[in-house]
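Chains B and R supply the protein sequences, listed in that same order.
With the working numbering, letter number 261 in the first sequence gets 261, and the count goes up by one each step, no holes.
With the working numbering, letter number 24 in the second sequence gets 24, and the count goes up by one each step, no holes.
Don't read these hints as lab results, they were simulated from the structure.
Any given hint could turn out to be false.
Unchecked claim - Here are a few chain B residues that face chain R, going by a calculated C-beta distance under 7 Å:
| id | residue |
| --- | --- |
| 1 | G111 |
| 2 | P112 |
| 3 | D259 |
What the hints assert, rightly or not - A few chain R residues that don't get close to chain B, going by computed Cβ distances all over 12 Å:
| id | residue |
| --- | --- |
| 4 | G16 |
| 5 | L22 |
| 6 | R54 |
| 7 | A57 |
| 8 | P75 |
| 9 | E78 |
| 10 | A109 |
| 11 | R110 |
| 12 | G113 |
| 13 | R128 |
Backbone N, C-alpha and C fix where the C-beta goes; we use that ideal spot for every residue, glycine too.
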Amino acid sequence: MTTLRTTPTTPPPRLPVRDKAAAVDRAWGGVSPMLTRLAAEKATGVLVRERGSLHLAAGHVVHAESPSAPGLDLLLTAHGTLRAEAWEAAANATDDRHATTRLLLDGGLIGPGALELCQLGALYDAAYFVLAPSSTPGRFRYGVTHPLGSVRPVPVAALERETLRRRELLHRVWPDAATDGAPLVRADPLAPPPITARQAAVLARVDGVRTAPEIARLLGRRAYPTLLDVRRLVSAGLVSPRPPAPPAVLPPPDVTDPDITLLKRLRDALEAL
Amino acid sequence: MPGIDECLLEAMRLPGARGAALVDWTSGLALGVVGESPGGDQEASAAEAAELARLAAEHRAFASDAEEGEEADDPPLEDLIVSNRDSYHVLRFVRTSFDSSVFLHLWLARAEGNLALARIRLGEMAGRLVLG
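Okay, chain R solo, but in the shape it has when bound (with noise of 0.2 Å):
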């Protein structure tokens, strides 16, 4: 059972793994930064990729249909993939029993980057650091 940072380290040794945080989606706060950040920026970047995740979990287009009766999923998104020419990042949020608006960003380098297996090992993480 990790606590935050070795889920941070866990996830830099991904391959072609440039930088990773845990960040507040309400308010924008980075709780945990290991490596590198987008622009050299740590605050800046969480603050930013915190404003797309929250734009995209308040957003019903891009939940899946819930069954009538069930509850639904908070918040009802898995992970969020953005690509551009020489990386990806990945931010997938982590679900939690107790309140909580919190997400793993990884940065990953396009080259050496594998996005299946990242996008598979950092949904692991999410688990692993809640769990218990």
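Pulled out of the complex, with its shape left as it was, chain B reads as follows (with noise of 0.2 Å):
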């Protein structure tokens, strides 16, 4: 048996800390096993996943696409850092031997601060949605390279870590995903709280029909902090996610009589108006 000796100048005991290496361990295998794989390997190609792809030199991400996210391309061009002719003149001029990054770059028309800058903005912001949780297995294409060309490659792991990490950013603002992709309405709360002038800017979008990714788009931002400011104006009570439509197709109502048919399918159809 062990007994316990406490004396007064026995210090309290540690507070338990977060094992980093355990951490590091379940964020590497709990966003893309196979992109784990495809890291250790120093794979180079795209990864094809349900909502977007991911393009690896090496074993590192280069680059990230997801419909969801606005391209490097409209964030260079939407406020005027780029003239949308000097990126289409690049992107014709480009090669196997010559990416349009690489040709902006030459070409004098933007610096490599900037240029590391937007595609790290562009290239995190896509990669959130490309590694959201998907029902389908992701497609490996190996030796792939995307005409963009590499600016600033990311590690894999760095990458998933952020991922997770955005993710849990989001849920602790307002607990429900459902404003991230559904239309989004106007709530009239009476006393509306301060806004930022960023999130002034998205309210004036929300029209009832537009999604908070289409927003991003529209003002030439990136997608992921046009999420945060709209979760944060669902818990300031500004917006709220459009409620899904009722099925255009009812079920037939389980009644035989043709008159009382009729009524409850014209009722339906007055109420779908």
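These two chains come separately, so use the hints to put the complex back together.
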């Protein structure tokens, strides 16, 4: 039997500290085991998943694309950082040995700092959607390189960790993912709380049809920060996701009398208006 | 025209510099880190600095008065200075023409550092980083 001897000078037990190594291991398996394996074998190619694709070069992520996130071209041209014609000229001149971003840098159209910042912003933004939980397995095609070229490759582990962190951050602001993809409607609280200029711009484009990624595209902004703005607006009571429309084809009413059936269908049609 | 790493290395040449980072204040992600980090954890200190930067940038109390009809600056702050017994932290917001939300974070030893010089240099670096 062990006896526990305590004296008044015994320090209190140490608080539990999260084991960082274990946390990293969990994060690695948590997002995409396939991606982890590709990083370990230093693969080059493109990983196509349900909501977009990740381009790898020697096991590092060099580019990410998703229909939910605006691309580098849109982010650079939306606010006049680059003229649309300048981007197009560079994209047209791109070939096997001259990547688009290389042409922009060599032509002095953009500085390396601005390009790295914008490209990293676009990469993490699109990767957030690509690495979202999916119902179908991903496919990897070896040897495919992206015409945009590599600007600042990101380690797979860092990208996965950041994606999980971003997911958690959204959840902390407002724990309902419906606001991320549903059409948004404005709500009218009695005492609206103050909002930031960025949120005001998002709010002004809420029209009952557009979703958060569509508003991001319209504003030439990254999609993830727009998701955050929308969740903050929802939590402030200024915006809500539109409830899903009732199904267009209603199940036939369980009656045999033709008149009642007709009246019920008429009522349903009127309610659906 | 420097890239992110060159910019951070330049910040580290300031007298008394202990660490420098480029951090996204919307997500708390460190896009680049050079030197030491307070507490030894780069990711944790980036996330904490980002939280502080976001609060300061989003509260109107700290913004300058915008003239009527004038486009308000985004973010409305230039920098944020935190001091403690042995060090300074200077957070310099980087203004870009494209959508971004980043700041340069310089950690400066108080004994060797020159806060006024660091503030001016950091502003110049933030400008050069996104030039052209």
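Status of the hints after comparison with the structure:
1. The interface hint given for G111 (chain B) is met, as the beta carbon of that residue sits about 4 Å from the closest beta carbon of chain R, less than 7 Å.
2. With a least beta-carbon distance of about 4 Å to chain R, the hint placing P112 (chain B) at the interface is held under the 7 Å criterion.
3. Taken as an interface hint, D259 (chain B) does not check out: its beta carbon lies about 60 Å from the nearest beta carbon of chain R, beyond 7 Å.
4. Its beta-carbon lying about 24 Å from the closest one in chain B, G16 (chain R) satisfies the requirement of being farther than 12 Å from that chain.
5. For L22 (chain R), the shortest C-beta to C-beta distance to chain B comes to about 8 Å, within the 12 Å cut-off, and the non-interface label is violated.
6. A beta-carbon of chain B comes within 12 Å of the beta-carbon of R54 (chain R); the shortest separation is about 10 Å.
7. Not every CB of chain B lies more than 12 Å from the CB of A57 (chain R), the least distance being 8 Å, so the non-interface label is violated.
8. For P75 (chain R), the shortest C-beta to C-beta distance to chain B comes to about 9 Å, within the 12 Å cut-off, and the non-interface label is violated.
9. No beta-carbon of chain B comes within 12 Å of the beta-carbon of E78 (chain R); the shortest separation is about 17 Å.
10. Consistency note on A109 (chain R): stated as away from chain B, and its beta-carbon is indeed over 12 Å from all of that chain's, at 26 Å minimum.
11. R110 (chain R), annotated as away from the interface, keeps every beta carbon of chain B farther than 12 Å; the closest lies near 29 Å.
12. Every Cβ of chain B is farther than 12 Å from the Cβ of G113 (chain R); the closest lies at roughly 24 Å, confirming the non-interface assignment.
13. Distance check on R128 (chain R): its Cβ comes as close as 7 Å (rounded) to a Cβ of chain B, failing to clear the 12 Å threshold; non-interface status is violated.
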